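Enquirer: Each chain, written out:
Protein chains: 2
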Amino acid sequence: MSDPRNATGAVNLDEKLATFSECWSPRVVARMNDVEFKLVKMHGDFVWHSHADTDEVFLVVKGEMEIGFRDRNVLLREGEMFVIPRGVEHITRAREECHALIVEPRDVVNTGDAGGELTARNDVWV
Amino acid sequence: MSDPRNATGAVNLDEKLATFSECWSPRVVARMNDVEFKLVKMHGDFVWHSHADTDEVFLVVKGEMEIGFRDRNVLLREGEMFVIPRGVEHITRAREECHALIVEPRDVVNTGDAGGELTARNDVWV
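Heads up: the protein sequence lines correspond to chains B and S, in order. Under this note's numbering, the first sequence is numbered contiguously, ending at residue 140. Under this note's numbering, the second sequence is numbered contiguously, ending at residue 140.
To be clear, the hints were calculated from the coordinates, so they are not data collected in a lab. You can trust all of the hints, since none of them are fake.
Some chain S residues near chain B, calculated using beta-carbon distances under 8 Å: (1) 23; (2) 93; (3) 95.
A few chain B positions that, by computed beta-carbon distances, are all more than 12 Å from chain S: (4) 39; (5) 84; (6) 105; (7) 123; (8) 128; (9) 129; (10) 132; (11) 137.
Facing chain S, according to a computed beta carbon distance under 8 Å, are these residues of chain B, among others: (12) 25; (13) 26; (14) 27; (15) 28; (16) 45; (17) 46; (18) 47; (19) 68; (20) 71; (21) 89; (22) 93; (23) 94; (24) 96; (25) 97.
The structure presented is a predicted model; accordingly, all values stated were derived computationally and were not measured. Every residue, glycine too, gets a C-beta built ideally from N, C-alpha and C.
Here chain B stands alone, though its shape is the one from the complex (with noise of 0.2 Å):
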């Protein structure tokens, strides 16, 4: 089922991404099926990390990020997205604060495998 919240009208993305700040910490602005669409805002490096059962999708809003690999890294600017292949460890990076929408199963955790102190309690809707 998709969650009522979805019902009412069109999601705007800038809107939703007004009403927090905090870095790190996805928001979910839509359900489709059992995959959830979460902005989160992003400055500095995040943690080395894992998804074993699943691939994610970056999509960059506004600003400029880098997905780092162990063997090479991806920039993502806006108007750009990717495919994090389920299973490969990488790292997302901010120089300067980027908003990215998140595509992903509903229950995956943002660190993945790492845990830690910036695991995103999940669920959380704007």
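Assemble the complex: chain B is given as a structure, and chain S must be docked to it using the hints.
Expert: Relative to the frame of chain B, chain S by itself:
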């Protein structure tokens, strides 16, 4: 598995949109698990239809579109998204050409239960 075409670098939505001109003919640009990300150009009215087994997401990249339901219309502007619930009859419309990112399971047929001449081939990548 992720499609290998995802693996090489960032997917730039504007660059992908520049590779085709046909309306109502979605092009796949990425795959996350069994979910595909498809760019579509729209102008005019599509056909009334529904998808019995899945929700469907539209995220407007350029222009404006309307998602019509039997009891209301939802206007989507650039940077806005909407989740069409499974099983709900709808039609997409655009007075001027509009570009959107569709997110849905990979085997979804664009015309759903309606079929007809606007039915597009699936899994066409750009």
